[in-house]
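Guided by the hints, dock chain A onto chain W, whose structure is given.
2 protein chains.
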Amino acid sequence: MATLQDICVAAAINILSAFAFLVAFAILRLQPVNDRVYFPKWYLKGLRSSPKSSVALGRFVNLDFKMYMRFLNWMPAALKMPEPELVEHAGLDSAVYIRIYLLGLKILFPITILTLVVLVPVNWTGKTLELAKFKNLTFSNIDKLSISNIPTGSKRFWAHLVMSYVCSFWTFYVLYKEYKKVATMRLEFLASECRRPDQFTVLVRNVPPDPDESVSEHIEHFFCVNHPDHYLTHQVVHNAVKLAKLVEKKNSFQNWLVYYQNKYERNPVNKPTIKTGFWGLWGSRVDAIDHYTDEIAKLSEEMFNNVTFIQEDAERERVIIDPKAIVPAAFVSFKTRWGAAVCAQTQQSKDPTIWLTDWAPEPRDVFWDNLAIPYFELTIRRLLMAVGLFFLIFFFMIPIAFVQSLANIEGIEKVLPFLKPLIEKKVVTSVIQGFLPGIALKIFLIVLPKVLMTMSQIEGFTSLSSLERRSAQKYHLFILVNVFLGSVVTGTALQQLHQFIDAPAGEFAKTIGMSVPMKATFFITYIMVDGWAGIAAEILRMVPLVIFHLKNTFLVKTEQDREQAMDPGFLSFATSEPRIQLYILLGLVYSVITPVLLPFIVAFFAFSFLIFRHQIINVYDQKYESGASFWPDVHRRIIIGLIIAQIIHMGLLGASGADKSTTPCLIAQPILTLWFHIFCKGRFESAFVRFPLQEAMVKDTLERATEPNLNLKTYLQDAYIHPVFKGSKLDIPVVIDEEENNPLVPTKRTSRQSSIHSFDVSSEADL
Amino acid sequence: MATLQDICVAAAINILSAFAFLVAFAILRLQPVNDRVYFPKWYLKGLRSSPKSSVALGRFVNLDFKMYMRFLNWMPAALKMPEPELVEHAGLDSAVYIRIYLLGLKILFPITILTLVVLVPVNWTGKTLELAKFKNLTFSNIDKLSISNIPTGSKRFWAHLVMSYVCSFWTFYVLYKEYKKVATMRLEFLASECRRPDQFTVLVRNVPPDPDESVSEHIEHFFCVNHPDHYLTHQVVHNAVKLAKLVEKKNSFQNWLVYYQNKYERNPVNKPTIKTGFWGLWGSRVDAIDHYTDEIAKLSEEMFNNVTFIQEDAERERVIIDPKAIVPAAFVSFKTRWGAAVCAQTQQSKDPTIWLTDWAPEPRDVFWDNLAIPYFELTIRRLLMAVGLFFLIFFFMIPIAFVQSLANIEGIEKVLPFLKPLIEKKVVTSVIQGFLPGIALKIFLIVLPKVLMTMSQIEGFTSLSSLERRSAQKYHLFILVNVFLGSVVTGTALQQLHQFIDAPAGEFAKTIGMSVPMKATFFITYIMVDGWAGIAAEILRMVPLVIFHLKNTFLVKTEQDREQAMDPGFLSFATSEPRIQLYILLGLVYSVITPVLLPFIVAFFAFSFLIFRHQIINVYDQKYESGASFWPDVHRRIIIGLIIAQIIHMGLLGASGADKSTTPCLIAQPILTLWFHIFCKGRFESAFVRFPLQEAMVKDTLERATEPNLNLKTYLQDAYIHPVFKGSKLDIPVVIDEEENNPLVPTKRTSRQSSIHSFDVSSEADL
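Protein chains in written order, with UniProt numbering: chain W, 1 to 767; chain A, 1 to 767.
Wrong hints could be hidden among the right ones.
Same chains, same names: a pair is fine if it fits in one copy or spans any two.
Said to hold, decoys possible - EDC-like, lysine to aspartate or glutamate: derived pairs with alpha carbons at most 20 Å apart:
no.	residue 1	residue 2
1	Lys298	Asp287
2	Lys335	Asp229
3	Lys250	Asp212
4	Lys699	Asp229
5	Lys181	Asp351
6	Lys177	Asp700
7	Lys551	Glu88
8	Lys551	Asp229
9	Lys681	Glu220
10	Lys263	Asp561
11	Lys180	Asp351
12	Lys155	Glu295
Bear in mind the hints are in silico, worked out from the structure with no lab data behind them. Everything numeric in this text was worked out from a predicted model, so none of it was measured.
Just chain W, same shape as in the assembly (with noise of 0.2 Å):
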């Protein structure tokens, strides 16, 4: 058990590597030649062409040493930016996404103060402890400050019980306004939007297969029918998994030709040349200029063959592949949002299995493999992977259970006694008890996303952000099964073993109430591994800057080659948003049972909501924007972690035989949370999820009032197309769908880009 001398050195080494990333990011930064790892945002927004050019700046180098000095001065610039105006700017997505660690503050702050001010002493002034030491049980001085402390059937538990009500109450108060805003605020991003053609669009799934019809005929002349006064159009959509493949594959290849050809160019007596079998490393030898320029013909032929030409419009030239590859979806649009708003919301045929419509996602965040699968195989799909879900979380156990295990000093000399000598030295221990746990963890948990991400996939979502939202579901179960119950209860149950084989089975709340305080050193170094020193990591983006010098000395060629070869990033919320949760958790269990916790949580919001405002206006640039729909499954995990708070509460309580009656007064907690929970559903949920027709009515009317003569057809027309088609890649011309491309809609980005600008002169200027 680590003792506080073992939390200190931890603490130590945390936050001496959290500030050795700060300051060498503090330096990277600076340099002109790491602008675009650093600042990529405003490179893609077209608000900045290259660094900042100053006199006293070198080419790659920063020379003005002024500037070092005032190194810490992006955190006062990250808070300055209003809220508004970081809307705009970053998107509702990312301005919601960090006031999940705002909300964190908002609720552990106060209950922080509180605990260390009414319990601290409470428990600090029982003597329990130091009368167990005779007993042969071990405890730290962490634990003096915790409930531990308090003898069996104490008249103090009352202050508990009374505290773990107040921090409930206030957790709801604040729950409940945050929700309130966050959908004041989805409905006023909604509201003040410009055109969007996913406003007018409903994705149509499952079309049944009609003997007499093509998949477009038979939808169009349903909707006409169903929707006589609101069908506009429809886009079919393509089975395009081969084309992607031949474009990627052609891209790869496009790659090392510019790399050749730059190696060339440099070194003009050399011609290179690679050999053509596997990973180049053998088969015959031959110029690799020659080779992929031939490959990239041959690919490009290969695309060809599966698209065909459709003339359109007398000037313009469409490319679809093979009719044969359209899948039974499409995207349909109506000619007002109302009658979209409509279609989305309501059950078109008696059969629930076909015609199923949706909103549709943004272009950007439609999952195109997903498109096309019958009902029956989903209900598979998704059974198949609830029971995968439960395998992959409870075999996951054995891996932690043995590295928690392996934490314990005591344990290791116990299993492993040659080991003694070296272990017993003081810093050894230390770091030990220290790092290890948290690190292996962490190791464990970054090969985990994918696997999850792959998972949802196959549960048939159709659109990113759905993706991400699941996922995250799936990792916050895994996270509360592994990190949270498995450190709890396998930790102590190789330390007290023997004292729960007696028991009778089953009083699980009581066991994890009992094993809970213990573990609270434990969740301290895990808080500084992952929430310090990791958050710090993060902004000094190591991975992205080396790829970007890999890339920029290999390949770049032009401006635009350079643009390619920036990776912003993006927040990503099925992998990090679950691990706040973890923290929320902890700080709420945590509150009543051991408050001196609860400060290296509030550290770990306080600097995350600093560092993440800084990456989301200077760096990463979200894949889609989908107007915070995730925040209902953020409240109902707050939800959960309460409710799992307040059982645990209840099984410590009722297991330290406070008094008999404060089990009874805590039973009432978890049903007023659960109320609270189905009271917040109905009142804010319905705002994430359907779409009021008053608000899409109010839109359409002031449209129609203030551009009688838009033609919204050729404005739908290619709106949702496959991004295979997109883009320069294939070397067909395509229509281009981007909204600001589009010479018919005038919109105000030009507008919002000043301001956006304004305020770049003003933030900018301190760097």
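Same frame as chain W, but now just chain A:
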């Protein structure tokens, strides 16, 4: 513990009493004087106006002795009517309701045959119980046929495991077929229905207050703006609670007035007098007829003050109550079914707690008192009722446990040793063990439904059908916990407490699994009392028979009075469906445990099917028609029963220590069941809760073509009017809203009548 002989005695008693009920019914129903008690449906449908006249029949007593010879002829007659005709005659609700009995038969009859053939030999040849005799354990012959007779750890348990899977898959198959069938029936029923106000109407609740407009104006403006092409008209809802009470009071006085008038006519010498005090026990003595005439006049005046007249259309007079009594809810009607379907399924305002739209229940089905409950109050009410239900369910345990302990002869002898000589007489033993537990339980259960219905009303549901469904849900939970689990655990707890007390707590499934086989005899007696004799008593209609003759003697003066004196009754879904679920649960649980219990259940289902089919043809008059919207509930509860059965099998096999490998084999079962439930829910449930636009469009188009000049507004004007304003009770001319009385809308009713009439002739010829 009941022996085989006890069971036989109980069976004899119950079969005899059931037979006695049937004979009594066969005789009573042939008496012309009882015709309105046993065939009220035909009178209500206007297909019969007086008892069948025949030369041989007397005025009050049937003298045609040939008819007594064929006294069981009603049974084939009840089965003769084909299902489509039954739907037309009695409504879809009733027709689908008796399909629940059929479903029970379909599930359990093949299972019965199979388990009797396969498992009884397997169980019989196990020798455990004969050995156990020496270990001071009591058992009956029934137990020899059950799983208790298999020795611990035997390979024979694999037979039970396989049978458990076979039963589950057979149940899946039948449930799927049945869900599909009922969904089809519902869709066909809705499609074939003639025009009804609820097809065009949406119930709007939580209309927000507006400072400038009345509720009615506000509603009109809102829907004119947001559904401009579809909005037709609306009717506001009045708070008529006070008026309804006055009407009720007046009706009661009217009855007394008629009673005293009749008395006076028969005996003109004594003018009847009453005392004016409490219950006529004291106070000054006045002339009864004058007193009631005065009171009625007073009430009429009071009612008059509560309402105001509005002159409409010149010749029509409408009555409404005080405008201040308008509640913020309304029935909004649309020009097309499509428009109504759209409005019912979409969200209107961005605040999801106002402008709530739901498909309107049919006018008879509306529960008027609950239309104006604000959102917050509604959630509070639901919370309180959930807590209330919890206490109701768990405090009801106590009396049941007491009665259960009485049902055990050995228990009584221990508690009250002086009763020993009496109890040990064979007959008394059999009566106590065969009858008492069943009847005591039954009495408890009769008290309950009214309480549950009141609780559902407080929860704020807006239609009678949803109230019934909700009450059924509560009642089902109650039966599960108190009748099923209560009987299994409590009974056993008293018998085997000493065996349990040492084992670790929490192994709930195992505990139940072990005690279930021992309760088989109890459930057999319960099935006989509740299922056999109880159902036979249903057909005799003792209470309506007595009340009808009382009313007929004292109150009836005209044919119309006699019409009103009839009490046809109705199928009470809320009380009887959960009981069916109990039988299905018992069948599924005991299928692999004690297969000899199953024939009793199968007999119950066959007998009930017969009797209820007779009743819905000849007697019951449903209060509303919901189009079998209760089927998803029925399906879900059978799934719940199946999962409980599977868990019990798992616990039993786990506790019997079959192989270690059986429990993992069985754990897949509940998961598969859950998946099956989700699959069916997605596949069929929407047919019961949503309204496909395609269907609406088809009906609209058809109607436009066949009746181009239909004045829908007039048709819908007064469809949703509070029942207080209806009929002649108010002595005020009101607009008649019943579809059949509206001259503008010719319905198919007349043509339907003739088809029923033709059936009537054939089926009644047997009488």
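- request: Give me the numbers of the hints this structure contradicts, sorted from smallest to largest.
  value: Checked against the structure, the hints that fail are numbers 3, 6, 7, 8, 9 and 12, while the rest are satisfied.
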